[in-house]
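Q: Chains as they are written, first to last, in my numbering: chain A, 1 to 117; chain B, 1 to 113.
Bear in mind the hints are in silico, worked out from the structure with no lab data behind them.
We put the CB at the ideal spot given by N, CA and C, even for glycine.
Treat the hints with caution; some may be incorrect.
[Unchecked claim] Here are some, though not all, of the chain A residues that point toward chain B, as calculated from beta-carbon distances under 10 Å:
1) H7
2) V11
3) F39
4) L44
5) L46
6) S83
7) E105
8) G109
9) E110
10) L114
[To be verified] In silico SDA-like cross-links for lysine to any residue, where the CA-CA straight-line distance does not exceed 25 Å:
11) A:K64 with A:H7
12) B:K3 with A:L46
13) A:K20 with A:L76
14) A:K20 with A:Q60
15) A:K64 with B:P76
16) A:K41 with B:N19
17) B:K69 with B:Q42
18) A:K20 with B:T110
19) A:K14 with A:S73
20) A:K41 with B:E58
21) B:K3 with A:L76
22) A:K41 with B:N23
23) A:K55 with A:Q6
24) B:K3 with A:Q38
25) A:K41 with B:Y46
26) A:K55 with A:K14
27) A:K55 with A:L117
28) B:K69 with B:E55
29) A:K55 with B:T102
30) B:K3 with A:Q60
31) B:K3 with A:H85
32) A:K66 with A:R113
33) B:K3 with A:G61
34) B:K3 with B:G15
35) A:K55 with B:K3
36) A:K41 with B:E55
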Amino acid sequence: GAVVSQHPSWVICKSGTSVKIECRSLDFQATTMFWYRQFPKQSLMLMATSNEGSKATYEQGVEKDKFLINHASLTLSTLTVTSAHPEDSSFYICSARVWQANTGELFFGEGSRLTVL
Amino acid sequence: DAKTTQPPSMDCAEGRAANLPCNHSTISGNEYVYWYRQIHSQGPQYIIHGLKNNETNEMASLIITEDRKSSTLILPHATLRDTAVYYCIVHRSLRGSARQLTFGSGTQLTVLP
C-alpha cells in the first residue's frame, strides 16, 4: 500500500517551546491530509484537514493558532504545536488519501509521540 | 455516517481464526464498511473494505450480511502480531470527498499463545 511517513516519531520538549511534526506521502501526491490526536487508551480524534495550497480546516474545539498546519506541497504537511504545555502531550497521527480506482482508502503515518515536560 | 457497535475486547488463540463482529444497523445504501487496525503506539493500518459482497485479501476476509446491518472481519490464522485494536467504520465512498473517517472505540483483540 501507499506509504505515509511522519517525523519525528517521538519528541520531548520543555513547556513553552514549539514543536514541528512532518507528514510526508512517499510514493503518491496528496492534496488532502488529515491530522489526528490520540490520548492514552482513547480513540483517534480528528484535529484538522490539511489542504495543499490553502488554509487548513479545523475541527470544533481545536485552536488554530496553537496547532499551525502548513501544506505547502503535494507530499508534505506540517503540524506545529506552538507554546506547548503538558496537556498537549499526545500521540499525533497524520493520514493521506490515495485516489484509487474505487473508494480511495486512507493511509496513516506511524505517529509522533509528543511529551511536554 | 452510520454508527457502529463493536465488542470492547476479544481473545483468540494463536493459529485459530479470529472473528470480529460489527453492527451497523443504520447503514445507508451508499456507505462502505471499512476495517482498520492499530497496533500499540503505531498509526492505523488499512485492512479491508466492502460494500455488499464479501471481500478477501491477503490480510483478512470481510463477510457482510445480506441486509448489510452487520459484518464480520475474519483473520484466518491469527498470530501474536495481530494483537491490536480493530476499528469497524462505516462511511460513504472517500473518492471525490474531502471527508475522512471517524474512529469509534474499536475492539481490542488479544491473540494468546
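Q: A separate judgement is required for each hint: does it hold in the structure or not?
A: Cross-check of the supplied hints:
{"no.": "1", "hint": "H7", "verdict": "violated, 13 Å"}
{"no.": "2", "hint": "V11", "verdict": "violated, 14 Å"}
{"no.": "3", "hint": "F39", "verdict": "violated, 13 Å"}
{"no.": "4", "hint": "L44", "verdict": "holds, 4 Å"}
{"no.": "5", "hint": "L46", "verdict": "holds, 6 Å"}
{"no.": "6", "hint": "S83", "verdict": "violated, 26 Å"}
{"no.": "7", "hint": "E105", "verdict": "holds, 5 Å"}
{"no.": "8", "hint": "G109", "verdict": "holds, 5 Å"}
{"no.": "9", "hint": "E110", "verdict": "holds, 5 Å"}
{"no.": "10", "hint": "L114", "verdict": "violated, 13 Å"}
{"no.": "11", "hint": "A:K64 with A:H7", "verdict": "holds, 21 Å"}
{"no.": "12", "hint": "B:K3 with A:L46", "verdict": "holds, 17 Å"}
{"no.": "13", "hint": "A:K20 with A:L76", "verdict": "holds, 12 Å"}
{"no.": "14", "hint": "A:K20 with A:Q60", "verdict": "holds, 22 Å"}
{"no.": "15", "hint": "A:K64 with B:P76", "verdict": "violated, 44 Å"}
{"no.": "16", "hint": "A:K41 with B:N19", "verdict": "holds, 23 Å"}
{"no.": "17", "hint": "B:K69 with B:Q42", "verdict": "violated, 30 Å"}
{"no.": "18", "hint": "A:K20 with B:T110", "verdict": "violated, 34 Å"}
{"no.": "19", "hint": "A:K14 with A:S73", "verdict": "violated, 30 Å"}
{"no.": "20", "hint": "A:K41 with B:E58", "verdict": "violated, 29 Å"}
{"no.": "21", "hint": "B:K3 with A:L76", "verdict": "violated, 32 Å"}
{"no.": "22", "hint": "A:K41 with B:N23", "verdict": "holds, 22 Å"}
{"no.": "23", "hint": "A:K55 with A:Q6", "verdict": "holds, 21 Å"}
{"no.": "24", "hint": "B:K3 with A:Q38", "verdict": "holds, 20 Å"}
{"no.": "25", "hint": "A:K41 with B:Y46", "verdict": "holds, 20 Å"}
{"no.": "26", "hint": "A:K55 with A:K14", "verdict": "violated, 28 Å"}
{"no.": "27", "hint": "A:K55 with A:L117", "verdict": "violated, 30 Å"}
{"no.": "28", "hint": "B:K69 with B:E55", "verdict": "holds, 16 Å"}
{"no.": "29", "hint": "A:K55 with B:T102", "verdict": "holds, 22 Å"}
{"no.": "30", "hint": "B:K3 with A:Q60", "verdict": "holds, 20 Å"}
{"no.": "31", "hint": "B:K3 with A:H85", "verdict": "violated, 34 Å"}
{"no.": "32", "hint": "A:K66 with A:R113", "verdict": "holds, 17 Å"}
{"no.": "33", "hint": "B:K3 with A:G61", "verdict": "holds, 22 Å"}
{"no.": "34", "hint": "B:K3 with B:G15", "verdict": "violated, 31 Å"}
{"no.": "35", "hint": "A:K55 with B:K3", "verdict": "violated, 30 Å"}
{"no.": "36", "hint": "A:K41 with B:E55", "verdict": "violated, 30 Å"}
Consistency with the previously given hints fails for numbers 1, 2, 3, 6, 10, 15, 17, 18, 19, 20, 21, 26, 27, 31, 34, 35 and 36, ordered from lowest to highest.
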